[in-house]
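Each protein sequence line maps, in turn, to chains A and B.
Going by the UniProt record's numbering, the first sequence opens with residue 1, and the numbers climb by one from there.
Going by the UniProt record's numbering, the second sequence opens with residue 1, and the numbers climb by one from there.
Source of the hints: derived by calculation from the structure; they are not laboratory data.
There's no promise every hint is true.
In this list, chains with the same sequence are indistinguishable; a pair is considered to hold if it fits within one copy or across any two.
[Stated by the list, open to error] Result set (DSS-like, lysine-lysine): computed pairs, CA atoms no more than 30 Å apart in a straight line:
(1) 17 to 31
(2) 107 to 519
(3) 372 to 17
(4) 463 to 107
(5) 126 to 519
(6) 519 to 588
Computed from a predicted model, the values in this text were never measured in an experiment.
2 protein chains.
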Amino acid sequence: MLRTHTCGELRLTDVNKTVELTGWVQTIRDKGGVLWIDLRDRYGITQLLLEDGQTAPELFATARSLGREFVLKATGTVIERKSKNPNIPTGDIEIKVTALDILNAAKLPPFLIEDDTDGGDDLRMKYRYLDLRRNPVRRNLELRHRMAQQTRLYMDGQDFIEVETPVLIKSTPEGARDFVVPSRMNPGEFYALPQSPQTFKQLLMVSGFDRYYQIVKCFRDEDLRADRQPEFTQIDCEMSFVEQEDILNMFEGLIRHLFKAVKGVDLAEVPRMTYADAMRLYGSDKPDTRFDMQFTELKAVQRPGTFDTIDLTSGKGFGVFDSAELVVGINAPGCAHYTRKQLDELTDWIKRPQVGAKGLIYVRYNEDNTLKSSVDKFYSEDDLKKWSVQFNAKPGDLMLIISGDANKARKQLNELRLEMGSRLGLRDPNVFSSLWVLDFPLLEYGEEEQRWFAMHHPFTSPKPEDISLLNSDPGAVRANAYDLVINGTEVGGGSIRIFNRDLQARMFSLLGFSDEEAKAQFGFLMDAFEYGAPPHGGIAFGFDRLCSIFGGADSIRDFIAFPKNNSGRDVMIDSPSTISQAQLNELKIETVATK
Amino acid sequence: MLRTHTCGELRLTDVNKTVELTGWVQTIRDKGGVLWIDLRDRYGITQLLLEDGQTAPELFATARSLGREFVLKATGTVIERKSKNPNIPTGDIEIKVTALDILNAAKLPPFLIEDDTDGGDDLRMKYRYLDLRRNPVRRNLELRHRMAQQTRLYMDGQDFIEVETPVLIKSTPEGARDFVVPSRMNPGEFYALPQSPQTFKQLLMVSGFDRYYQIVKCFRDEDLRADRQPEFTQIDCEMSFVEQEDILNMFEGLIRHLFKAVKGVDLAEVPRMTYADAMRLYGSDKPDTRFDMQFTELKAVQRPGTFDTIDLTSGKGFGVFDSAELVVGINAPGCAHYTRKQLDELTDWIKRPQVGAKGLIYVRYNEDNTLKSSVDKFYSEDDLKKWSVQFNAKPGDLMLIISGDANKARKQLNELRLEMGSRLGLRDPNVFSSLWVLDFPLLEYGEEEQRWFAMHHPFTSPKPEDISLLNSDPGAVRANAYDLVINGTEVGGGSIRIFNRDLQARMFSLLGFSDEEAKAQFGFLMDAFEYGAPPHGGIAFGFDRLCSIFGGADSIRDFIAFPKNNSGRDVMIDSPSTISQAQLNELKIETVATK
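The whole structure should be built from the sequences, with the hints applied where relevant.
So this is what it looks like as structure tokens:
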């Protein structure tokens, strides 16, 4: 090694040692007769000292010629610092330099290599290799490293075998769009990159591997919304001879292990909620449970076959509520002081096209126990009192109410709830709240395509007690499917799988596959089910997202070493790019001119 | 869990416990009144017992209806076996069955799920999920799992950070053929799949990551020879502030750790040999050092500027040797008894087109100290005596000699050496011999293309003392490059990299890149070298191959869960395959009809 120690290693106990350090020039302070260099590497910073008169003149001149980010090898003696720096572990010592080799010079970086940089996103992406030098970005990737190591440690301890599944697989029409790879050896044919190793992990269960996992790259050719990447990483897992309860326990164990080992956080036992309850209480299948503010219904949706559904709003002459399928709200604690201006602004916020509510009704529960609402024309204080009881509101609270079509109103109120949570500081990224959401619907109807789609994927099993509904009322069939939600983000999801050929065939048929299509696409899996397939199920975690949540960040991008931008482009290497005509010829493909 | 124990778990100490086991029917033995079922899972085999009269009649009938590979859940009591089976860990007990659930039926598998199967390669590949049930295949993948875990353990302990590099990158013309991926969002442009993460790991060094590793999929669109896969896995590593010696020590440490942890083998210190010596002594840059049999030169190549080069063959009237550039042989110990027929067969073997030698000369060193050769017409016993001294041969040995063009003769003799090693049983797959091969040439000349190619890759640094030869004698420039060879297979290779923009540009120019091409392809790397690149180097191991060597197998295929065949096809899922016109339209590409 060109060094004897790293820049994060030396302490007072090393005083008088002759050492060699290597690293980058973080800063130079030139006080005329004395010159200090902060030398940086991955492990820390160590201060180098050069003193005029005591240091050889050529050496002193060399040191003066250095610039930021120069790569050095410094030889010298460890001495105790006169003025110690308690903020860094090496702050008690410095190196009295006796020799200095410039291993490489550096041009002035296009942005500051500091925790707070002056570089914009585009510049940082183009010079990603410099951005990665900054502590916050490097720490994110170190966190990711620890997450991966600890995941493997846990899985290994639970007898899971890591198996690599292929990357060059087969395109299937179900689900998101595939990236494809033309095959030169089989002209006119294509591989596809996996959106997940789903079928392969199921085959491993048929093979008797019993417990499989993999931290694996997956690919989706989707129009990239903010914070989506065409290639992403999953913790992919599957187990045999299990029921849903076993999966939930096993992977609750993983998450709690990760929180403990990586963050030192004791995560509480993960509560459970059905999909139906999550939609009813939060208007979302991934509620942020760091704060309460559950939905309260003033006029509930009439459920088939029931009569005494709550309705505290109808018949008072307020047409908006009278005609609404659902009147639902949240109670914002301590917000009764909101001014008219604030409430107008909140109303404007929720009426933006991104949320799309028609309006917002409020009820102030004043500290003096009076109630004041924006619908006082229609509802007496007595009516409002009943509402406030329903809301479990207290003096000082503010009730915010939305109405209309049930699904839309819930979706809008979910947005409002999250916004209020943010405004009230209830969504601290360093507080962690998790939730299992269970009993997802098996299918959802695509209005545009006029057919059923698998909500999870076509291999998810229906709940046995709901199988009889598959023909009569497919939308009511619940799946053995579950999501793990942390802080309002779905970090993982999975299901107990179908392991019976007939049921799998019936599922494909429901999804509009002809027998021939099902056989052509998934014949190998259905065949496998005939040779002794065990009951099995699994889960996959979005690893990039999980890391970002552990890192307390909103964006996954800085938890990926070399991410792509929203056009799927790596601006550093300038990819994708054109390829040569010779390559196209070999692959027997042509590009079609675009206007 | 549907089970209380696995099929490999129960012992005498568990007798009288009520247990639930799940697994596959390995065998059924029906002795009329008594029926035994071997129930198998990943963890082992447990014997189930059903006795007529003692077992309920329906249960007995159910058991009789079972077939091989049915999936069962068996409930019962652990009892001591009357006739114990010392060959399996559960052999002292059996389960007296009280309930039996058929979890899934199984058709008769197309081949036997036994260690020695009757299934041919094609059938086993098509039903890979059944092949994976067989112990030898499953054990290979378990070995691979342990190799991966132990690799990460070692690397983690040495402060290496695991960083995932992108899979969708940029096509580059240098090296092997890329797989490409059309970009829908950037029509007419393509990503490429990485042949290795080379440039990214170098950028990570520029970023100061100091020590990087990754177990990562790589891709090469080559015409597949036997035992090549279009996608393969590397242990990819890079370190900063190192010299070659540091890399050799670090990764010798990895290999020795793996041998110890996975195989319980104490690997000897890895010897080192230059490329030049390896070619001279073994005719190969990856010699199998499990056995000796080094080459002996009877007439050496005249080295420039030297005069007293050995020649024990010229001037005796044997034109073949007189006109040969090189006369070289091996000494096969104890083979003097080879019959004329055996020697003729060996001569035929070496004259096959695959080896291509013109002939084979032999000298028998008989037990009675006489020497007998196929060139007695030209060489006296005294001449032969001198040869045998040169060969360090002993009575009973057989010297086998080849001549001709030096490179060709060495290549042919290498084949003969390996063949003799095999015939003499000197290549035991459970014996391990490793070697570092050092000082590879930087460049090799492509006669066809009439230009220089990088022997390793364009980022490999020349030895500083040879840089002056770059213009005058490029072929003589040695690289800071090294390979790790185990049992005659190159399992890893790497180099100290160029980290200076000018030298890198000079290298690209030597390789025939115009400045524009170099900038378009690798501009980002050359730019990075200007912002403070540290000295760095690394290595990559072929993980599939490493596993196969640890597993004592010749083929990598059974160390890959779902391999492709020699046409790059996955016959199980039938991939590659055609994709829909709609997909092609979206991607703005067309396939070109092939005749």
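Tested hints:
For a Cα distance limit of 30 Å, the shortest separation of residue 17 from residue 31 inside one copy, 26 Å, qualifies, whereas the shortest one across copies, 81 Å, does not. With identical chains, the CA atoms of residue 107 and residue 519 are at most 30 Å apart between copies only, with a shortest distance of 18 Å across copies and 60 Å within one. When the C-alpha separation of residue 372 and residue 17 is checked against a cutoff of 30 Å, the pair qualifies neither within a copy, at 76 Å, nor between copies, at 69 Å. With identical chains, the CA atoms of residue 463 and residue 107 are at most 30 Å apart between copies only, with a shortest distance of 26 Å across copies and 63 Å within one.
Only between protomers do residue 126 and residue 519 lie at most 30 Å apart by alpha-carbon distance; the minimum there is 15 Å, versus 46 Å within a single protomer. Taking CA atoms no more than 30 Å apart as the test, residue 519 paired with residue 588 passes in both settings, with 28 Å inside one copy and 28 Å between copies.
Taken one by one, the earlier hints fail for this structure only at number 3.
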